[in-house]
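Chemist: For reference, the chains in residue letters:
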Amino acid sequence: MAATREVTTADRGWRRRERRASAGLLAGPLLWLLLFFVIPVGFVAAYSVGAVGLFPTDTGVVSLSSWERLLTGGSVYMGLFWKSIRMSLTVSAVVVLVAYPVGYFLALCVGRRKYVLVLLIIAPFLTSYLLRVLAWKVILGDAGVINSFLEWVGVIDRPIEWLLYSQFTVMLVLAYIWVPFVALPVFVSLNNLDPSLLEAAGDLGASRWRTFVRVTLPLSLSGVFAAFLFVFIPTIGEFVTPLLVGGTSGYMYGNAVQDLFTRGLDWQTGSTLALFLLAVVALLMAVFGRFLRLREIAT
Amino acid sequence: MTEVATSPGARRSLGLFFGLLVLFLYAPIVILAVFSFNDGDVSFPLAGFTLDWYRRFFTNPEILRSLERSAIVATVSSVIAVCLGTAASFALLRRRFVGKSAVSALLFSPLVVPYVVFGIALLVIFTAVDTFLTETTGSYIGLGLHAVVIGHVVVSLPYTVLTTMPLLERLSVDLEEAAKDLGASPSQAFRRVTLPLLMPALVSSFLVAFTLSFDEFAIASFLAGESPTWPVYLFAQLRVPSQLPQLLAVSSVVLAVSVGVVVAAEVGRSAAERRYATGSAPS
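Here the protein sequences line up with chains B and Y, keeping their order. Counting in this note's numbering, the first sequence runs from 1 upward without gaps. Counting in this note's numbering, the second sequence runs from 1 upward without gaps.
No wet-lab data here; the hints were simulated from the structure. Hints may contain errors.
[Unchecked claim] Dumping the calculated SDA-like pairs for lysine to any residue here, alpha-carbon to alpha-carbon at most 20 Å:
1. K114(B) x S270(Y)
2. K180(Y) x R95(Y)
3. K114(B) x F37(Y)
4. K137(B) x R95(Y)
5. K137(B) x L255(Y)
6. K114(B) x E266(Y)
7. K137(B) x G247(B)
8. K114(B) x L182(Y)
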């Protein structure tokens, strides 16, 4: 009897120490995220409904009017939002279609050198985003690399204007940015495939194409799906690429948010737009987040 | 495996496709670098080789100032991010506590939050704090490099956790326990055993966070205020065409350095992971 009580006290002491150690480890990161991430986002939410004021012009009246303006009556911003969704969907689909064969090649067709080649594909992604967009601006501009080259060799008399500042350009550059990153989840899912499954399919008389359609492809679909989300989610709120190569026709939802804060100075509408975007991303994550499996990709 | 997966013909076309993609990925970067050596503006025909743009950028105080600012921001923010990220990785892997999945969801959420939303959220909160301070004390903090550091720590944090966790997972707890059995205090065991073994992951997550912060434009553009970091300065100067070749020269240097750093980090980290996986401890 006495012995059991001793054990429970020791156990309780151990648990208390354990709890304190966990709290000590988590205090820093959680406090930082609370102060500089959760609270600011919460403040933006409060500001969007007028619950807090920032400027003398703020009325201080709580109302959902800015939300109502955004969501009803075919507002300009909703139009922009759907345009951004369409552009992101197109980019994601194209990027996955391009990345799949590359991931397939790296996982199943090359031997020992595969990790070197994976690094070759990934390396551009890890370097400056802005510089990679800038490179395209330099290449596609009116006096840029392609136009000046074509004029020089005499194919054209005047620059091809639609090369820069169009929706097409924005999507091309976004695809360029994301392809290396997306090849990764596809590669991981195919690389983890048990080779004996493919052999079994072959032994049972399936052709290579049939094996691919009935075995390989279904087993890699989760990676494909993860890849799709990896592009789709960050590109909905994109504003840097359209800013550099989009012009007016490539203007996206993220640009509207940025303009409302830096030029238009209508911070309440801006906050509403930003929070709506965040809500959409959160919803997508809640529904599809489990497909992303970050840990698997990191290793 | 390769025989069952693809026929030789299919393998050849996939290889060709791979080669074309690599070309597509690297050509714009190479073009950027080529024109930084061009003795003329950024268009064909090439006018001859020059190092003039590099010479000019090395003597352009504004460019050097902006690079220095980015280096400071990147160093400070990645040191903080590595410390916080390592602590978080230990908690997630070596501790049991209530709400672990919620904590890890919060830690990784900066990965998916659009930078434009996060940037304006920090801008709004800084404005709110400043409004409050001006009203009550008559002073204010203002925007600047400290604000950029704060933002960059938040977005680098998940990357440092993702880079540290795989190695920490492979590190046996037994080593630390053995050190304690041999008379080391918990802090000694950590400093003398765990920390040195974890060093490759810490170095690599520092480098990842550093390159992320050094190049980051979206968040910095809202928060830098009067002290533009390198990407913010670069963006502002794009309006001046005569500046472009010089900027390309800086960009080429930055790209070359960051590719080198990132590749080194990746190679070092995976080598350490493989070494620990086979069980032989480093000397």
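Chemist: Starting from the hint list further up, note which numbers the structure goes against and sort them upward.
Modeler: 3, 4 and 8
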